[in-house]
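*Asks:* Here is how the chains run, residue by residue.
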Amino acid sequence: GAVVSQHPSRVICKSGTSVKIECRSLDFQATTMFWYRQFPKQSLMLMATSNEGSKATYEQGVEKDKFLINHASLTLSTLTVTSAHPEDSSFYICSAHDAGGADEQYFGPGTRLTVT
Amino acid sequence: AQRVTQPEKLLSVFKGAPVELKCNYSYSGSPELFWYVQYSRQRLQLLLRHISRESIKGFTADLNKGETSFHLKKPFAQEEDSAMYYCAPRRRGSTLGRLYFGRGTQLTVWP
Numbered sequence: 001g002a003v004v005s006q007h008p009s010r011v012i013c014k015s016g017t018s019v020k021i022e023c024r025s026l027d028f029q030a031t032t033m034f035w036y037r038q039f040p041k042q043s044l045m046l047m048a049t050s051n052e053g054s055k056a057t058y059e060q061g062v063e064k065d066k067f068l069i070n071h072a073s074l075t076l077s078t079l080t081v082t083s084a085h086p087e088d089s090s091f092y093i094c095s096a097h098d099a100g101g102a103d104e105q106y107f108g109p110g111t112r113l114t115v116t
Numbered sequence: 117a118q119r120v121t122q123p124e125k126l127l128s129v130f131k132g133a134p135v136e137l138k139c140n141y142s143y144s145g146s147p148e149l150f151w152y153v154q155y156s157r158q159r160l161q162l163l164l165r166h167i168s169r170e171s172i173k174g175f176t177a178d179l180n181k182g183e184t185s186f187h188l189k190k191p192f193a194q195e196e197d198s199a200m201y202y203c204a205p206r207r208r209g210s211t212l213g214r215l216y217f218g219r220g221t222q223l224t225v226w227p
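From first to last, the protein sequence lines are chains X and C. The working numbering puts the first residue of the first sequence at 1, with every later residue one more than the last. The working numbering puts the first residue of the second sequence at 117, with every later residue one more than the last.
These are calculated hints, taken from the structure and not from any lab test. Worth double-checking, as some hints may not be accurate.
The calculated DSBU-like cross-link candidates involving lysine-lysine, where the alpha carbons are at most 35 Å apart (straight line), are [said to hold, decoys possible]:
#: 1; chain 1: X; residue 1: 41; chain 2: C; residue 2: 125
#: 2; chain 1: C; residue 1: 125; chain 2: X; residue 2: 66
#: 3; chain 1: X; residue 1: 66; chain 2: X; residue 2: 55
#: 4; chain 1: X; residue 1: 64; chain 2: C; residue 2: 125
#: 5; chain 1: X; residue 1: 55; chain 2: X; residue 2: 20
#: 6; chain 1: C; residue 1: 181; chain 2: X; residue 2: 41
#: 7; chain 1: C; residue 1: 189; chain 2: C; residue 2: 125
#: 8; chain 1: X; residue 1: 14; chain 2: C; residue 2: 125
Using the sequences plus the hints, can you model the full thing?
*Replies:* Take a look at the structure:
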């Protein structure tokens, strides 16, 4: 089946620094990828839709200057958390939409971000 | 407003008992409905979607447009069914495929 990877799986950074998370579709091309945030024991909250070759679409309440998304190729989307603060600590999950195949979203394993 | 409700945060049953995980939605138009499952320490994965009308791992879900519900059912629960289950509607015809998840129901199946 289709596989989506995320890197890193876990990252600790200091307050005020930026951190980049990568999301890759390994065996299919994804014109659309999605970024979610999950707090402990809570549901996934859609943050933004990442479109290959164009600007990302952010959900209401998500700061686009805070969470920079780049979808430079059909297999890679990156999320950069800029000027991170402790409240940005969370589990970030990406998914890739296989529009050409089963019209299904495949999820990455997630990245645990801790801001100290 | 678009909304999906999973009223039970936690659900426990014994092995072999029937289980039903509830999902109600409030969406404009006729959305597509999905159930996703997340086993412990694993990534989220699709369990089933209403348009395929298939049974996966013994689970079925019927879309009831009158009640705007998409409850997930299994007649005989197994211990390996213990997981977090999320209901997620998607606007029909949406090529972007955005999913908005319910809060999830943690199912525990006791031996």
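*Asks:* State for each hint whether it applies.
*Replies:* Each hint, compared with the structure:
1. X:41 to C:125: Roughly 10 Å separates the two Cα atoms, so the pair holds.
2. C:125 to X:66: 31 Å, holds
3. X:66 to X:55: This hinted pair holds, its Cα atoms lying about 15 Å apart.
4. X:64 to C:125: At roughly 31 Å apart (the allowed maximum being 35 Å), residue 125 of chain C and residue 64 of chain X satisfy the hint.
5. X:55 to X:20: 17 Å, holds
6. C:181 to X:41: Satisfied, since the Cα-Cα distance of roughly 30 Å is no more than 35 Å.
7. C:189 to C:125: 16 Å, holds
8. X:14 to C:125: Cα-Cα ~34 Å, so holds.
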